[in-house]
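Participant: Just so you know, the protein sequences line up as chains H, L and R, in that order. Here the first sequence is numbered in our numbering, starting from 905 and rising by one per residue. Here the second sequence is numbered in our numbering, starting from 60 and rising by one per residue. Here the third sequence is numbered in our numbering, starting from 150 and rising by one per residue.
No lab work stands behind these hints, which were simulated from the structure alone. Careful, some of the hints might be misleading.
Restricting the straight-line Cα-Cα distance to at most 16 Å, the calculated cross-link-like pairs of lysine to aspartate or glutamate (EDC-like) are [what the hints assert, rightly or not]:
id : chain 1 : residue 1 : chain 2 : residue 2
1  : R       : K509      : R       : E470
2  : L       : K303      : L       : D317
3  : H       : K978      : H       : D942
4  : H       : K940      : L       : E185
5  : H       : K981      : H       : D942
6  : H       : K927      : L       : E236
7  : H       : K928      : L       : E236
8  : H       : K1034     : H       : E1013
9  : H       : K1001     : H       : D1045
10 : L       : K420      : L       : E466
11 : H       : K940      : L       : E186
12 : R       : K461      : R       : E593
13 : L       : K91       : L       : D102
14 : H       : K922      : L       : E236
15 : R       : K545      : R       : E420
16 : L       : K431      : R       : E229
17 : H       : K1002     : H       : E1016
18 : R       : K549      : R       : E532
19 : L       : K435      : R       : E229
20 : H       : K981      : H       : D1032
21 : L       : K416      : L       : E463
22 : H       : K916      : L       : D196
23 : R       : K225      : R       : E199
24 : R       : K162      : R       : E216
25 : R       : K151      : R       : E163
26 : H       : K1034     : L       : E186
27 : R       : K256      : R       : E177
28 : L       : K67       : L       : E275
29 : L       : K303      : H       : E1037
30 : L       : K431      : L       : E463
31 : H       : K922      : L       : E213
32 : H       : K940      : H       : D1032
33 : L       : K247      : R       : D211
34 : R       : K545      : R       : E532
35 : L       : K245      : R       : D211
36 : R       : K275      : L       : D415
37 : H       : K1034     : L       : E185
38 : R       : K403      : R       : D570
39 : L       : K327      : L       : E377
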Amino acid sequence: MSFSFSEENNLKIASLMKRYPQKKALILPLLWMAQKQDGYISEDAMQVISEHSHMPYMHVYSVATFYTMFRLQKPTKRVIEVCRTLSCELRGSQEIKKHLLENYSDSYEIVEVECMGACSGAPMCTLDGKYLENLTPRLLDEVLNAN
Amino acid sequence: MQTKIVSKNFEIPHAETLAVALQNGRYASLEKLFTFTPQELIDIIKASGLRGKGGGGAPAGAKWQLVSDFEGKKYLVVNADESEPGTFKDRQILAKDPHLLIEGMICTCYAIGSNTSYVYVRGEYEEFSNILQVAIDEAYEKNLLGIDAKYPVEITIHRGAGAYICGEKSALLESLEGNRGHPRLKPKSPEPEFYFGEPTLVNNVETIASVPFIVENGAEAYTACGTDCSPGTLLFAISGHVEKPGVYEAQFGVGMWDYIQELGGGVKGGKKLKAVIPGGASTPILPAHLVYEARLDYESLKTIGSALGTGGMIVLDEDASMVKALKNLLRFYHHESCGQCTPCREGTSWVDKTLDKFIAKTATHEDLEILKSVSKSMNGKTICVFAPAASGVIEGFLKHFESEFLECIQ
Amino acid sequence: MKIIVDNTPIECKEGELLINVLLNNGVEIPHFCYHQDLGADGNCRMCMVEIKGQKRPQVACDTFVCENLEVFTKTKSINEVKRSILELELLNHPVDCPICDQAGECKLQDYYMDFGLYNSHLTTPKTKKGKAIDLGSNVMLDQERCVLCTRCVRFTTNITKTNELGIIGRGDSSRVAVAPNRPLNNPYAMNVVELCPVGALTSKDFRFAQRVWFLDSVKSVCHGCSRGCNIHIDYNETKYSDEKVYRFRSRRNKQINQSFLCDYGRLSYRELNEKFNSTSWGMESFKELLRAEKKVALVSPSFSLQQLQAVKEFCKNYNIELFSLPYADESFGDDWLKTNDTSANFTGVKELNISTCQDKFNSFLESSELVVNFDHNLLKVKELENKKVISFTTSKIEIKCEAVFAIANFAHESGTIINCDGIRQDFYATKYRCEAPRLIELLEELQ
Ligand SMILES: Cc1cc2nc3c(=O)[nH]c(=O)nc-3n(C[C@H](O)[C@H](O)[C@H](O)COP(=O)(O)O)c2cc1C
Ligand code: SF4
Ligand code: SF4
Ligand code: SF4
Ligand code: FES
Ligand code: FES
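Using the sequences and the hints given, assemble the complete structure.
Facilitator: What follows is the structure, given as structure tokens:
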């Protein structure tokens, strides 16, 4: 099998096991762990998780596809998520999205997401999961060029 | 206008560290805590009238009692899924005063007789759950948590992974068990939630964060704030077309328009107010004339056909398109339906697609009828209240702003 | 205990599931996700009823009955509720019943006829999903027809525990699927086709073979092993050819197979359509053969009690030593339905005191000049040295025989068999006669 958890992660799994009444509850934490480790969740990783959690492969697969933050494909670019929900739209998320698509879609994967709980910093997006709030196209350029 | 109970330490630099937290009164309630029996504590919470701050406003004391009445293993699960559009208050507690939450969890666990607890944090809040984790680690180190604590409590953070519906308590527990986040069929009579078959209390972050104040100062100190039916305060939040979007704690019962003007800095760019969605996307919209008379508490918002929800207000100015706003919200519901039951899975999708025709101005009168009838079909026939909430949103928009929809008809 | 359904009292047990009570008493209640042998899931919301004292309509599959519960299933408002849910269900469903394999036994089709939803007023684009996906084990999936009742998923999760099927995705992009490179693969897989209330799961074996309304059906029992699963035999006779059996469907029997069949048994209908030749023999030469001094007969342990009885009498008259030997296949059985005894009526053989001693049979066989084989598989393939063989058979004989009498198989001759647990079961013949005579009548003639 081409996937295995790192030494360090295996230690973490051992201690996580004690924190839940059943191994099945490890599925979400381990999906996260696999994604952190590889950038995405491979079939092999789901197989390993299915063994750790004592649950069928199909269950793990079905769970993984329910949650939008889990990636089952290897990412080819860094990811920018733009919030498209109401508070952000009212404060210009469309403009941010347009700016991103026009200038950055070659080097970044740009995805729209629902409210990130940052409505007071609207419009907002995330870069590699980090929140960037109160955006203007100019501010965005600054951040992206510095990164 | 602000009354700071939960947000008292928000402005203090480094209040997330244990040292600063201790200097600023965190964990002080624990001294009093153990002078009460668990039942006495539950009675205090009941007397305080504390209501759930996750959107439903259910009396916390009664829920605690239900769980406490069971013998044996029990769990506390803190709901930090916070995904309701327009809501971003729990995040402040996680990031700015995580020890307040931990303190509240210790009190709550003691009251209901649980030693194991989880905080279910939405996946997107990685930054904030990391802050909370550091705080938890510190608390373990100082024996505030763990088996060597005066009252042993274990806290584990469980991260969601992008699913609004996991904020619904039974879906949350499904997710915590390692399943898809499908809400469960509802019990016919009052009973607690169950995690792997054991009775479980699910409360919102802010609900739990309000507990230490009540333990420390007594129920009366809490009921002294707010209204009779909605005692205390809420971390109201405000976003959209306002000058100063943010989270400002206030007592229940303050005027909505006062709040918007005083704390939110008024409508952005000095424009006129058109409408406010009062408590997160799931609460029916209020047109300006109702906003002026609205008070921020459960009962008064109910009487004017809306709800307090999470207290996250979204303000829309005179230029906002109601058609676009509704489309935006229904796209959210379409995207977030768990897909389990037919009326919701198909209904949210249909309404979203129908609204596209209004946006494109190619809608017909039949499409408007479809909106109304599908909205009706989604109400009261589903497993959870997600679809009825979507239905209420549509009804609210059509009730107050139907003319804008009529303008989009060919 | 009593409840009142549409003003009529119905007897039931406290705490029973309302939908079960309704179904058991023949009250029509539309439902997709509930299944008596899979339990409730509550996702389709079709089984809504009105309950006195409750503001909102309730789903019958999540309501437990209590004394004097008053239920209404057909009021105007409840019909309106069901109609609206059905309408939503039909939104993304292709309206091409004429080319759907399930047409005629599709619940969706039935219900929308019932609720008068002939023209769906869909005015927005339908959600596109996968068509004709091969899941494995002869099962094809059309995701666009699926109503996501999860019956198929619950079958592979809770019943076979093989877990090949699951729901993937979320919201209206939820769909039934197998994981990549992990096809549906278990000895009971084809049950999902029958469980599917609509035309989303179809069998490659039956797909488009025949429109269901051209089929006749008869109650029968599978003869694939000693479990004796209850079946319907679906068959027809077309103008230009003989009667043909198209499929076996499970017939619910709570005690034996619930609503399920194994794939082997389900597909064993094919043997019933096999064609083979018999030799024509005059009565005289037949009797001539029977004058042999030493004679032994072997009878199939899958014969019905009635057939066994007739064979027994026949052998007694002609002084033939009669035996039966079991069909045993150690690789066939499992811990659910399939048994290692792959005969249908070995219990019956024992009840009729037919000798089943292998050693005795061997020694009789050794010394006999004439062997009469009553459809026993053992003597269809193994050539016997220096012996004359008469065969009565329902399938092709591979060895040299003096005489071969084709006889009707169990689709054409009613009878009774006793299963491995001693349960006696009748099965019935289809209404058309086949060319081959029924054994009992043939033996009478030959007496
Ligand atoms: C669709 C839906 C989403 C919800 N999302 C949240 C949420 O993000 N956070 C939360 O605390 N409660 C949420 N709730 C409410 C919870 O189900 C539950 O009532 C609450 O966590 C109980 O805590 P409380 O009584 O302290 O408010 C949601 C409910 C529904 C129906
Ligand atoms: S109402 Fe919607 S979100 Fe709730 S269970 Fe049904 S499909 Fe899922
Ligand atoms: S394929 Fe058929 S049985 Fe399976 S969920 Fe869809 S409709 Fe139900
Ligand atoms: S288990 Fe035996 S009786 Fe049942 S269907 Fe299979 S072969 Fe036939
Ligand atoms: S709407 Fe964009 S963060 Fe809430
Ligand atoms: S049969 Fe009751 S909800 Fe499907």
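Participant: Now look at each hint and say whether the structure bears it out.
Facilitator: Consistency of the hints with the structure:
Taking the CA atoms of K509(R) and E470(R), the gap is near 10 Å; set against the 16 Å cutoff, the hint holds. At roughly 14 Å between alpha-carbon atoms, K303(L) and D317(L) fall within 16 Å of each other, so this suggested pair holds. A C-alpha spacing of about 8 Å is found between K978(H) and D942(H), which places the hinted pair at or below 16 Å, so the restraint holds. A C-alpha spacing of about 12 Å is found between K940(H) and E185(L), which places the hinted pair at or below 16 Å, so the restraint holds.
Proximity of K981(H) to D942(H) is assessed by CA-CA distance (about 14 Å); at most 16 Å being required, the pair is judged to hold. Of the pairs offered as hints, the one joining K927(H) and E236(L) holds, with about 9 Å between alpha carbons and a cut-off of 16 Å not exceeded. The suggested pairing of K928(H) with E236(L) holds, with an alpha-carbon distance near 6 Å, which does not exceed 16 Å. For the hint linking K1034(H) to E1013(H), the alpha-carbon distance of about 15 Å falls within 16 Å, and the restraint holds.
Taking the CA atoms of K1001(H) and D1045(H), the gap is about 13 Å. The hint holds against a cut of 16 Å. Taking the CA atoms of K420(L) and E466(L), the gap is about 8 Å. The hint holds against a cut of 16 Å. The straight-line distance between the Cα atoms of K940(H) and E186(L) is roughly 14 Å, inside the 16 Å bound, and the hint therefore holds. Distance check on the hinted pair: K461(R) and E593(R) sit about 12 Å apart at the alpha-carbon level, within 16 Å; holds.
Between K91(L) and D102(L) the CA atoms are separated by roughly 15 Å; this keeps the pair inside 16 Å, and the hint holds. With a C-alpha separation of about 14 Å, the suggested pairing of K922(H) with E236(L) holds against the 16 Å cut-off. For the proposed pair K545(R) and E420(R), the alpha carbon gap of about 10 Å is at most 16 Å, so the pair holds. A distance of roughly 15 Å separates the Cα atoms of K431(L) and E229(R); the hinted pair therefore holds under the 16 Å criterion.
Straight-line distance between C-alpha atoms of K1002(H) and E1016(H) comes to about 11 Å, which keeps the hinted pair within the 16 Å bound. Between the alpha carbons of K549(R) and E532(R) the distance comes to roughly 7 Å, so the proposed pair stays at or under 16 Å and holds. Taking the CA atoms of K435(L) and E229(R), the gap is about 11 Å. The hint holds against a cut of 16 Å. For a cut-off of 16 Å, the pair hint linking K981(H) to D1032(H) stands: about 10 Å separates their Cα positions.
Among the hinted pairs, K416(L) with E463(L) is consistent with the structure: their alpha-carbon atoms are about 13 Å apart, no more than 16 Å. About 15 Å separates the Cα atoms of K916(H) and D196(L), which keeps this hinted pair within 16 Å; it holds. Of the supplied pair hints, the one linking K225(R) and E199(R) holds, its CA atoms being roughly 10 Å apart against a limit of 16 Å. Distance check on the hinted pair: K162(R) and E216(R) sit about 9 Å apart at the alpha-carbon level, within 16 Å; holds.
Pair hint K151(R) plus E163(R) holds up; C-alpha atoms about 9 Å apart against a cutoff of 16 Å. About 7 Å separates the Cα atoms of K1034(H) and E186(L), which keeps this hinted pair within 16 Å; it holds. Distance hint between K256(R) and E177(R) is fulfilled; the C-alpha atoms sit about 12 Å from each other, no more than 16 Å. Distance check on the hinted pair: K67(L) and E275(L) sit about 14 Å apart at the alpha-carbon level, within 16 Å; holds.
Straight-line distance between C-alpha atoms of K303(L) and E1037(H) comes to about 14 Å, which keeps the hinted pair within the 16 Å bound. The hinted pair formed by K431(L) and E463(L) meets the criterion: a straight-line CA distance of about 15 Å does not exceed 16 Å. Proximity of K922(H) to E213(L) is assessed by CA-CA distance (about 11 Å); at most 16 Å being required, the pair is judged to hold. Between the alpha carbons of K940(H) and D1032(H) the distance comes to roughly 11 Å, so the proposed pair stays at or under 16 Å and holds.
For the suggested pair K247(L) and D211(R), the alpha carbons sit about 9 Å apart, so the restraint of at most 16 Å is met. Taking the CA atoms of K545(R) and E532(R), the gap is near 14 Å; set against the 16 Å cutoff, the hint holds. About 9 Å separates the Cα atoms of K245(L) and D211(R), which keeps this hinted pair within 16 Å; it holds. With a CA separation close to 14 Å, the supplied pair K275(R) and D415(L) stays within the 16 Å bound.
A hinted pair counts as satisfied when its Cα atoms are at most 16 Å apart, and K1034(H) with E185(L) qualifies at roughly 8 Å. The suggested pairing of K403(R) with D570(R) holds, with an alpha-carbon distance near 14 Å, which does not exceed 16 Å. This hinted pair checks out: K327(L) and E377(L) have alpha carbons roughly 10 Å apart, not beyond 16 Å.
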